[in-house]
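Read off the chains here:
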Amino acid sequence: MILSVEIAGRTRRVEVSRADGGWEVTIDGRYVQVDVAEAGGWLSLLVGPAGGSAIAGPALHDDRKDRRAGSGEAGPAAATSYGVAIDDRGDGELIVHVNGIAIPATVRDPRAAWRARGHDAATAADGRTDVRAPMPGRVVKVLVKAGDAVTARQGLVVVEAMKMENELRAPKDGRVADVRVKEGMSVDANAVLITVE
Amino acid sequence: MRKILIANRGEIAVRVIRACRDAGIRSVAVYSDCDRAALHVRMADEAIAIGPNPPADSYLRIDRLLDAARETGADAVHPGYGFLAENESFARQSRDAGLVFIGPSAEAIELMGSKTAARQAARRAGVPVVPGTDEPLGPEIADADIAAIADGLGYPVMVKAVAGGGGKGMRLVESREQLVSAVRSARSEAATAFGDPSIYLERRIVRPRHIEVQLLGDATGHIVPFVERECSIQRRHQKVIEESPSPVASAALRRALGDAAATVARSVGYTNAGTVEFLLDEEGRFYFLEMNTRLQVEHPITEMVTGVDLVQWQIRIARGEALTLDPASVLEPRGHAMECRIYAEDADAGFIPSPGRISALRRPSGPGIRDDSGVEAGGEVPTFYDPMISKLIAWGEDRSQATARMLRALNEYDVVGIRTSIPFFRWMLRQPAFVSAAFHTGYLDELLQQRAGEPFSAWEPSLEEVAAIAAALHATPRQHRSTDIAVAPAAWKQQARVEGLRG
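So the protein lines, in turn, are chains A and B. According to this note's numbering, numbering within the first sequence proceeds without interruption in unit steps and concludes at 197. According to this note's numbering, numbering within the second sequence proceeds without interruption in unit steps and concludes at 503.
Ranges between beta-carbon positions, derived for each pair:
| id | chain 1 | residue 1 | chain 2 | residue 2 | range |
| --- | --- | --- | --- | --- | --- |
| 1 | B | Gly453 | A | Glu160 | 14 to 24 Å |
| 2 | A | Arg132 | B | Ala56 | 26 to 36 Å |
| 3 | B | Glu174 | A | Asp91 | 44 to 54 Å |
| 4 | B | Ser365 | A | Glu93 | 23 to 33 Å |
| 5 | A | Val140 | B | Asp145 | 27 to 37 Å |
Hints in this document: simulated from the structure, not taken from any laboratory. Glycine is no exception: its CB is placed at the ideal position from the N, C-alpha and C atoms.
Pulled out of the complex, with its shape left as it was, chain A reads as follows:
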């Protein structure tokens, strides 16, 4: 199974397959071995060194030893231990917690992405990005109007929720295409407030 995983703007090609009860993983052409165990909603990943193994060397098949890029020696190779939890937001959007650090990742099946490419291209060409309400709340202030030029992270609208005022900012440089809210309006979670193009 080959997947593409995008993290912080970088896409990696990850191939995973079962082997001897563990997993063999090729990430951007490099081979690693991964042992996975589950513990109460958490995953324990033991990741072997690049080209090495997560378990004691002498017990390995010869063909596996051959794959150890450059390591040569037959002694036990230490695996690095990672505690992992996955917060699946749906649609391939994940927040992967590795050793307590939350790393947002987007995972795609490249073949499915191939089929969907036409649609993606259209969205990209259009270039409109919606700024949505992160939760139900009340619009306290609208800081821009349609047609305004905005820069990335510029404040667009202030929404009050959970007793706090929150400024929602421009996702990118551009122009305000549409303002759909007025001050004092109540908005639902995920409602489109402003569109930037």
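Guided by the hints, dock chain B onto chain A, whose structure is given.
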């Protein structure tokens, strides 16, 4: 006292339930609709519904809380902090209903609730106050008159709500042009939050530190001040990290602060737990700021460096017991403690609230760590209330050990399903100015402005690779797995064992 109704929710309700259990007193939790399965409800001995989700319909409904106390046969009520904790009407009506209110008298709450009356009380007691107005400026006072007062004080000035607290209705005004709009917005915020648009002005102390003194007072007029807390790490006037002792307080300053706090409290006949807040200027002079007539969020750090259970003492004082604490021992810190307020907020997206379901939770522990949390895995963080989910407290023999332990605990802490302010704290504790304690109340806001929204989350490239692998394993459809991944290690080990025997 046999049964206490806790008129609050979240971590502070849990904290009070624990104190009740230690004292062999039964506890009654109250809950709104969305809090039915909340941790405080499950931990209490009894629980009773008090209405719909909005605070105004449940946790702020004095009539329903008093009904709940009557129906459950509670003989005392603990208000926690926030909600009705500093509402003199709640204290008075509880007393009138024959309940023991675990806190100061309604009269003391009312007096100190007016920030201008509190300033006058401090001045009368001979404690220095920040130069400013001692009378409330109601909505009838013309902008021009307020501008004249501000001119007299000299800019920058602070505009503050008379009924204020928690940083609400507070504005910093750098120059005369900003004054009118600041007064207007402070008035409107104060009217919404406290039902009183009155404001007052204070001269802005340049780069002050926020230092406060916890105290306890009993019914005989005996007041005991504790070693100070420093709460200068603030975001938009809200405390974010607190520590005790203050890294800059000498023994002489500590005694002077304790004496000043006790003098103010004594002058108003204060009983139970309270906190006197001061500003410390760059020359080491301190000024009375206000008095909080309740248990503070940050009370655990005082407990850690003195070994005193403050909530236990609140109950004992309310029961009529005399304070038997040794004043010298509670003024002398044992080691160093700090607290991080963990919020359900996405720090990387400008600290926007992040309510939702916590799907998994790993809480830190180990030497010197205390986690006062109000949530559990599987629980919801509702949108209706303050988004603080936990207070992480670290104790060490000195400040550097406390900081190291806090960082270790922050790295252990993992909340899955919602975003939290934990990445911010991991970053904050490594800032050189934090490490050297060279900060003031405006320091964090200045620092955040410089960062201009740059995210706090950071990771090594190797972690990113592991995240990519985990994401791919997660996304691999079941039919591509010969067996569930949970079974994998056992099978792999067995295979290795077989091969080992063969060799």
